[in-house]
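Peer 1: Sequence:
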Amino acid sequence: MPSKHQTGTTRSGRRLVWFAAALSGIVAAAVFLAIAELAALLFARGSSPLLTVGSFVIDIVPRWAKEFAIETFGGNDKIFLLVSLGVAVVIAAAIAGVLQQIRPPLGVVVLIAAGVFAGATTVTRAGATPLAVVPVILGLAAGVVILVLLSRRLPKRAANGSDDERAAFDRRGFFRVAGIAAAGAVVVGVGARLVNVTTSSITAVRDALKLPAPKSTVTIPDGAEADVDGLSPLFTPNDKFYRVDTALTVPTVDPATWTLTIDGMVGEQVQITFEELLAMGLDEYVITMTCVSNEVGGNLLGNAKWLGIPVRDVLKRAMPDSKADMVLSTSVDGFTASTPIESLTDPNLDAILAVAMNGEPLPLEHGFPVRMVVPGLYGYVSATKWLTKLTVTTFDKDEAYWTPRGYDAKAPIKLSSRIDTPRIDKQLPAGPAKIAGVAWAQTVGIAKVEVSIDNGDWQSVNLTTAINDDTWVQWWMDWEATAGTHYVAVRATDKAGNLQIEEQAPIAPNGSSGWQRTLVRVG
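Count the sequence shown with this note's numbering and you get residues 1 to 523, in order.
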């Protein structure tokens with residue numbers, strides 16, 4: 001009969017073996033991903049398994065999860081996704097290692113299944129080349145080899161299944177091999193990813209790009225911007241401009257090789273290079289953009305100066321069929337948006353193919369080298385970044401990325417207003433203060449903004465001079481703040497006489513609505 005000390009030693013040994021088995025799976029997965037990253041650098045830069053699986057997850061994520069991620073993490077939603085994927089890989093890999101220890105070759109089968117799944121997500125991505133699956137194959141082979149080598153160094157069950165079923169094993173040897181493999185995976189994987197990002201970076205090309213001077217510029221009228229602390233600036237800096245898209249990593253597109261294809265219901269299919277696009281002549285526009293995911297009082301909107309070419313001038317070259325009612329725009333990463341064709345061809349609307357933002361070429365994360373900007377429509381049906389194709393079609397025939405995910409195919413931006421200051425998280429001192437914010441009614445324009453304090457009468461406030469009907473206006477009012485907690489609400493009226501909708505509505509299927517109401521603490 002074994003002593004208590006022997007029993008404790010046996011249990012401790014078992015726990016160590018289980019830990020080592022789980023570790024063998026994790027190390028094998030790390031080697032898989034590292035070799036795949038290295039192979040992606042050599043054969044197909046966009047074929048990193050972790051990134052292609054992440055992109056697949058973005059594609060299949062339900063609407064509620066997408067809304068939760070944007071509301072909770074904002075611009076860090078993709079970082080959260082990558083961290084979550086990393087945790088999932090570690091857990092699944094640990095399970096595979098344990099299965100390989102309990103009943104080989106189940107762990108290998110799990111690893112192969114993961115490789116097949118990663119390969120499927122890779123070859124089905126937009127722009128995938130015939131070599132796209134090579135990184136997955138090489139990474140999988142390396143991972144399987146490491147898993148088998150490490151698992152063979154672990155003791156197996158005794159034939160009689162007795163308590164003394166695990167013999168001592170060469171711990172130092174196992175952890176030495178596992179450590180070398182893990183360290184090598186980190187060096188190779190991280191190194192390959194950094195080289196991939198650095199050498200494929202288009203930053204230097206963008207920085208060296210010299211755009212022609214615009215044929216026309218926008219005159220900013222006197223009184224267009226108010227000087228109020230806490231109020232959004234008239235123009236949103238590029239690094240502060242919201243970013244919401246489906247790209248897990250920012251696509252890198254060289255203007256020298258970029259082309260725009262116009263096909264579908266057209267008299268002639270047209271292909272335009274970047275140089276040809278610039279040769280059509282640039283004009284300056286000032287347009288406010290809003291994301292459909294913007295909650296009442298949210299910050300997913302911004303105002304910028306753009307340089308671009310009217311979409312109608314580009315479409316005209318292809319001679320669209322009169323029966324077409326939609327243009328399906330496609331990004332290099334496969335994202336699509338459905339835009340009513342009248343919004344792109346109306347001579348009174350400045351729908352553009354933008355190449356510059358706030359005085360510089362488009363930032364990479366905002367669609368360099370070419371994106372769409374369409375006033376009056378939420379971004380998911382109009383603002384395609386990294387644009388590569390325009391397909392003239394109909395709403396009956398084609399649908400865009402977000403339509404089957406529960407969003408309307410057509411989505412005009414709703415009349416809205418926002419309180420920028422005072423903020424609910426900052427206490428004001430008693431005395432003279434200002435309440436201020438922005439309001440927008442794109443393609444129509446803002447006529448009036450009103451504020452109600454403590455459910456009192458609505459008071460008209462001061463408005464800045466609008467640049468045009470496609471931009472937001474700033475508003476403000478003087479207020480004698482008294483100690484206590486106050487209830488502030490805002491609403492806007494557009495130039496057509498429409499009052500902002502009071503009833504609250506969620507962001508799906510076509511944008512949030514409601515008057516913003518907030519609490520202000522004065523002490």
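Don't read these hints as lab results, they were simulated from the structure.
Since the structure is predicted, the reported quantities are computational estimates derived from the model, not experimental observations.
Do not take every clue at face value.
Claimed, not checked - When the alpha-carbon atoms are kept at most 30 Å apart in a straight line, the in silico BS3-like pairs for lysine-lysine are as follows:
hint : residue 1 : residue 2
1    : Lys305    : Lys316
2    : Lys448    : Lys410
3    : Lys434    : Lys397
4    : Lys305    : Lys397
5    : Lys495    : Lys305
6    : Lys316    : Lys434
7    : Lys448    : Lys240
8    : Lys448    : Lys495
9    : Lys397    : Lys410
10   : Lys410    : Lys495
11   : Lys215    : Lys389
12   : Lys210    : Lys323
13   : Lys240    : Lys323
14   : Lys410    : Lys316
15   : Lys434    : Lys305
16   : Lys426    : Lys389
Peer 1: Hint by hint, where does the structure go against what was stated? Just the numbers, ascending.
Peer 2: 3, 4, 6, 12, 13, 16
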